[in-house]
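2 protein chains.
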Amino acid sequence: MMLVNGEYKDHIPVADRGFQYGDGLFETVEVRQGQAVFLGRHIDRLHKGCQRLHIPTTSLDQIGFEIELLCSKFNTSSAKPSDCVLKIIVSRGSGGRGYRQPDMIEPSRIISLHPYPDYPSTYQEQGICARFCQTHLGLNPLLAGLKHLNRLEQVMARAEWNTPDIQEGIMMDINNHIIEGTMTNLFFAKNGILHTPTLSQSGVSGIIRSIVIELAHRYDIAVIEHTCDKNNLLSADEVFVTNSIIGIWPVKQIETTPYRVGMLTRRLQIWLDQLKKEQNHPNV
Amino acid sequence: MMLVNGEYKDHIPVADRGFQYGDGLFETVEVRQGQAVFLGRHIDRLHKGCQRLHIPTTSLDQIGFEIELLCSKFNTSSAKPSDCVLKIIVSRGSGGRGYRQPDMIEPSRIISLHPYPDYPSTYQEQGICARFCQTHLGLNPLLAGLKHLNRLEQVMARAEWNTPDIQEGIMMDINNHIIEGTMTNLFFAKNGILHTPTLSQSGVSGIIRSIVIELAHRYDIAVIEHTCDKNNLLSADEVFVTNSIIGIWPVKQIETTPYRVGMLTRRLQIWLDQLKKEQNHPNV
Numbered sequence: 001m002m003l004v005n006g007e008y009k010d011h012i013p014v015a016d017r018g019f020q021y022g023d024g025l026f027e028t029v030e031v032r033q034g035q036a037v038f039l040g041r042h043i044d045r046l047h048k049g050c051q052r053l054h055i056p057t058t059s060l061d062q063i064g065f066e067i068e069l070l071c072s073k074f075n076t077s078s079a080k081p082s083d084c085v086l087k088i089i090v091s092r093g094s095g096g097r098g099y100r101q102p103d104m105i106e107p108s109r110i111i112s113l114h115p116y117p118d119y120p121s122t123y124q125e126q127g128i129c130a131r132f133c134q135t136h137l138g139l140n141p142l143l144a145g146l147k148h149l150n151r152l153e154q155v156m157a158r159a160e161w162n163t164p165d166i167q168e169g170i171m172m173d174i175n176n177h178i179i180e181g182t183m184t185n186l187f188f189a190k191n192g193i194l195h196t197p198t199l200s201q202s203g204v205s206g207i208i209r210s211i212v213i214e215l216a217h218r219y220d221i222a223v224i225e226h227t228c229d230k231n232n233l234l235s236a237d238e239v240f241v242t243n244s245i246i247g248i249w250p251v252k253q254i255e256t257t258p259y260r261v262g263m264l265t266r267r268l269q270i271w272l273d274q275l276k277k278e279q280n281h282p283n284v
Numbered sequence: 001m002m003l004v005n006g007e008y009k010d011h012i013p014v015a016d017r018g019f020q021y022g023d024g025l026f027e028t029v030e031v032r033q034g035q036a037v038f039l040g041r042h043i044d045r046l047h048k049g050c051q052r053l054h055i056p057t058t059s060l061d062q063i064g065f066e067i068e069l070l071c072s073k074f075n076t077s078s079a080k081p082s083d084c085v086l087k088i089i090v091s092r093g094s095g096g097r098g099y100r101q102p103d104m105i106e107p108s109r110i111i112s113l114h115p116y117p118d119y120p121s122t123y124q125e126q127g128i129c130a131r132f133c134q135t136h137l138g139l140n141p142l143l144a145g146l147k148h149l150n151r152l153e154q155v156m157a158r159a160e161w162n163t164p165d166i167q168e169g170i171m172m173d174i175n176n177h178i179i180e181g182t183m184t185n186l187f188f189a190k191n192g193i194l195h196t197p198t199l200s201q202s203g204v205s206g207i208i209r210s211i212v213i214e215l216a217h218r219y220d221i222a223v224i225e226h227t228c229d230k231n232n233l234l235s236a237d238e239v240f241v242t243n244s245i246i247g248i249w250p251v252k253q254i255e256t257t258p259y260r261v262g263m264l265t266r267r268l269q270i271w272l273d274q275l276k277k278e279q280n281h282p283n284v
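Which chain is which? The protein sequence lines are D and L, in order. Per the working numbering, the very first residue in the first sequence carries number 1; after that it's consecutive. Per the working numbering, the very first residue in the second sequence carries number 1; after that it's consecutive.
One or more hints might be untrue.
[Said to hold, decoys possible] With a straight-line cut-off of 30 Å between C-alpha atoms, the simulated DSSO-like cross-links for lysine-lysine are:
#1 K190/L x K147/D
#2 K252/L x K147/D
#3 K87/D x K9/L
#4 K276/D x K87/D
No lab work stands behind these hints: they were computed from the structure.
Use the sequences and the hints to build the structure in full.
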């Protein structure tokens, strides 16, 4: 189910700059019982991303309405509101000559709903197994942090393994600094302090990542963003990965190094669940 | 005029990974009097790019036939075969979950013809004016050299100026090494030796760039690929930029630094023209 610039269709012009150059941004949003979770934060990030890429944000005004329309249509199509994944893409639209953008930019907005992935509940409860990727992230301060459509690095990294016993690949940058998972942000705990790699040169600044940092502040847990290497990670007490669809997955093993699912990870999982409930039912 | 997987249409599925992730490659080819110039080299580069990105190349077998079809249709639609620009895009097609590619990859191929840009002949004859871009290229050995669809850096760089008196922007990497123009490769000459930036960390390895290097070898002109900085460029005797559509444009000014259009640039322009004629009329 999909809306392209407000119309029910599933294709875009070849001339769209999203296709020609990856000239755009996207958001992946959890939809629980018919409600888009942390939608305000996703739209806010989209706004900020558009500003950084100089894509006009006026078309974003309609996105909230269109998401509501699509979700309500999806909800009435099933017996009870089900869980799904909402993807929002905003591109710079068609036009311009070559890389040069047109004088009048008319961004494209694509809103689509997808089945919720069938991840076993054990991933959240007992943790996942991860590996280190051979594909290293480039250094690019201009684009670091943005959830843009230039994602060949992640595609190449995710193609490195095809075994169901590995759930995530951990990516380093070309200086061998740990940055993130292929589809997640990464945290680790050591002596009660939470650590996460700085994203000034590479990586995507995730919504759940920022929420985990906020929760740590709220509950007076020290959290440090810094340049991390493999040794920091391998000597950690706890490791977990985050994104908007999975929430928080403990990491129980990276290659041959085992980790326990610790108290800090458990508490953050609980606080994240509470926050989701508060946000979706603010009056309860 | 456009062929998408062999059909006359001008749209692709939103689900195409070219749109979702910039998961693909492209070529921009000059068409002179109905004939695609250096087509073999472009197809060869596309093959090599697909191999590096693990995109199956079987669908490329049909591209030659489809280009011929489209060009002949274009030629018969006008009184005499005219000049135009051929763009070829190959993406990994639709499917997969998230960044993970599908088990069976069915690449998309898009072949389109576009009007030849109306560049004044003075650009080739008297040279162009260039500026240095504020947008710096990231470092990414994985993707360096490839003409892939992740082109946000070039889009951002090209958006820096909008005055018709500047024809190209010169891009440095984040270490302030000179790499290329937004849409061109860069050469400079100093004391009769030709220099061009190495492209192991950033940049696109252009077809005309490789031909210029070949021509230099053929005519016994020393050519060095190395790490270049702004001072190398600003103290050069001659500067020129290359791509498949413009061929070779002398640079007559970079910001406030003037350059003469020198003998080496002129000779390379003549040899390039000769090579084009030889290739398109091998029996003449």
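**Item:** Hints the structure fails to honour
**Value:** Going through the list in order, the structure violates hints 1 and 2 and respects the others.
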